[in-house]
Amino acid sequence: MNAAPDRSRGQAGVRAGSAAIAAALPGALRKLDPRRMIRSPVMFTVEVGAVALTALAILHTSGATEGESAAFVAAVAAGLWATVLFATFAESLAEGRGRAQADAMRSMRRDTPAKRLAGASRAAATEEVPSTALRGGDHVLVEAGDVVPGDGEVVDGVASVDESAITGESAPVIRESGGDRNTVTGGTRLLSDWLVVRITADPGASFLDRMIGLIEGAKRQKTPNEIALDILLAGLTLVFLVVTATLLPFSIHATTSAGRGEPIGLAVLAALFVCLAPTTIGGLLPAIGIAGIDRMVRANVLATSGRAVEAAGDVDVLLLDKTGTITLGNRQAAAFLPAPGVTEGELAEAAQLASLADETPEGRSIVVLAKERHALRGSEIETLGATFVPFTAQTRMSGVDLDGRSIRKGARDAIVKHVERLGGRVDDETIATCETVARGGSTPLVVADRARVLGVVELKDVVKGGITERFAELRSMGIRTVMITGDNPLTAAAIAAEAGVDDFLAEATPEAKLAMIRRYQSEGHLVAMTGDGTNDAPALAQADVAVAMNSGTQAAKEAGNMVDLDSDPTKLLEIVRVGKQLLMTRGSLTTFSLANDIAKYFVILPAAFGGIYPQLARLDLLRLHSPTTAVLAAVAFNALVIVGLVPMAMKGVSYRPRPAADLLRSNLLVWGLGGLLLPFPCIKLIDLLLASMGVP
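Heads up: the sequence shown is residues 1190 to 1885, going by our numbering.
No wet-lab data here; the hints were simulated from the structure. It is possible that some hints are incorrect.
What the hints assert, rightly or not - With a straight-line Cα cutoff of 25 Å, these simulated PhoX-like cross-link-like pairs (lysine-lysine) come out:
1. Lys1649 / Lys1560
2. Lys1653 / Lys1560
3. Lys1649 / Lys1606
Unchecked claim - Per label pair, the in silico range of CB-to-CB distance:
4. Ser1381 / Ala1524: 28 to 38 Å
5. Gly1448 / Arg1807: 19 to 29 Å
6. Thr1576 / Asp1691: 48 to 58 Å
7. Thr1584 / Leu1380: 14 to 24 Å
8. His1714 / Gly1613: 33 to 43 Å
9. Leu1858 / Leu1221: 46 to 56 Å
10. Asp1592 / Gly1613: 53 to 63 Å
11. Leu1858 / Arg1324: 52 to 62 Å
All of these numbers come straight from a predicted model, not from anything done at the bench. C-beta atoms are modelled at their ideal positions from N, C-alpha and C, and glycine is treated no differently.
The whole structure should be built from the sequences, with the hints applied where relevant.
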């Protein structure tokens, strides 16, 4: 029954793939510009060889020179051009993904109308201007239904904001002045209430604009490992260039001395150089780097540089916030603690009634706990005839009015003010209970019926399911985990032990976080941390990998070198995995590239020098048709293998956390041995194909 939808999805995928290939081809041709190609020494020398052999083939065709056949020289030149073109195609295809994502984001950017205020107050005079006319420091009024005209900070008001255009998440978020939730992004939409926003970025310098520029990869900087690999490839290229250059006079001398054979031709020399030089990794290296950033974007993480992505792969210390990362973040009801003269069942019933319309995780957990402890079943909201009072940022309470009762639950200070306003008071025992709960690391939620205090609901941090296993997984990767919390040391120690982290920092201050990071770095560690508040900015700026939450303050986002658009602190674990996958991909393909060069020795050397030294025929393990087909088959394989590895460079090598020795052994076994063996059957197959086509 699902065949038709599956077939249509497959056809859509094929069309999308064909469109991506078609879009990448013009870019691949543009990258043949020598001024751009010289950035990759390996591929630049291959292009120079292709140009030289093309000119030589033309001269042979015109009869201006003698030597190797024009057809053979032209065929080798075509192989060299294919090698260069496939390398630029891989880079262009990787960039094409980024451009597609950037175009999607660019379509969200529009010239929206803005209500610019004469001052920083909602009561100030307004004028409607296009968003492009706004400058940093301007104040705008954004009301329900309006699109936020630019990046800014909330200076007044509280509102629900739809950020799905940026994060892809449908759940709205609360933005308010002050605190760590006061930033808004241009292109998002208000769902309720109003905000006065101070614009922080001029047109063209917004967060969305920076995202577009970064995703397109126009200014992608090479990482230290990538630079080191470039130096290695350039060194190998120079060595093989010198080696092949000296082979021409050597072959002339050997021919004269042995009295047999012919000197090696320029086309064979060029083929030998291309097959010996690390052209595979040289052609795929740019695509690997771009694809690493692309994988971050697909995980909804914006990396401000490729260096940050690669540094994530070398991280060996992770600093994680407790709330929302190690614990569920939304605390769960753990106990009903009644006030003097109140039964636990009475408190549970009142708390349940006040929570029936509360869709927050805390509210739902109260209903569940009342059912489990006292068999209280939730009533149908419609049948109660009740008036539910929703939670607001101003009152910090919620509740219900029914049958002459007015039940409220909320923060201690909010309930104290509410009860005192009604002429009552909160008893000392309840205050002491709140303090005891707070000292234990939990949150006290006070419940009152009009002026009568009924007791306290304890909301407790719950360690996430499976988080202990994830920390064990990180430990197996050689990564030390450190929990950061504002809790007292006793509470922090209990949660750290339950979660299975290696260390913790309790009562964390900005100075303490910064000092801890510096201490680890002074010991030679690479440190990653996540944060969303202004007080996290110093530590984020110091960390090697700093992941700022998109929901956090502007200071945090500017201090970090990555921004998590989902504002999910657990994303740090995924970032480390992507970083290690990037390193694994580069290492695996480098191993493969160097290993498959060995197989080509057994093809090119007998073909090039077999006429001079018949003993070299023993190296012709494949018993190829002729020296001509051997050289052409090796060059063809050298070009085609780049195309074959493009999907792997784009997707990345699969990574599983294992000790470094196991990873090295697996890398050598799979990619090293695979790179050594794969060329033999492929070259033999191409040789048979050429022979069947009548190539002498």
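Tested hints:
{"no.": "1", "hint": "Lys1649 / Lys1560", "verdict": "holds, 18 Å"}
{"no.": "2", "hint": "Lys1653 / Lys1560", "verdict": "holds, 23 Å"}
{"no.": "3", "hint": "Lys1649 / Lys1606", "verdict": "holds, 24 Å"}
{"no.": "4", "hint": "Ser1381 / Ala1524: 28 to 38 Å", "verdict": "holds, 34 Å"}
{"no.": "5", "hint": "Gly1448 / Arg1807: 19 to 29 Å", "verdict": "holds, 21 Å"}
{"no.": "6", "hint": "Thr1576 / Asp1691: 48 to 58 Å", "verdict": "holds, 51 Å"}
{"no.": "7", "hint": "Thr1584 / Leu1380: 14 to 24 Å", "verdict": "holds, 20 Å"}
{"no.": "8", "hint": "His1714 / Gly1613: 33 to 43 Å", "verdict": "violated, 55 Å"}
{"no.": "9", "hint": "Leu1858 / Leu1221: 46 to 56 Å", "verdict": "violated, 37 Å"}
{"no.": "10", "hint": "Asp1592 / Gly1613: 53 to 63 Å", "verdict": "violated, 20 Å"}
{"no.": "11", "hint": "Leu1858 / Arg1324: 52 to 62 Å", "verdict": "holds, 60 Å"}
In the structure shown, a violation is registered for the earlier hints numbered 8, 9, 10, in ascending order.
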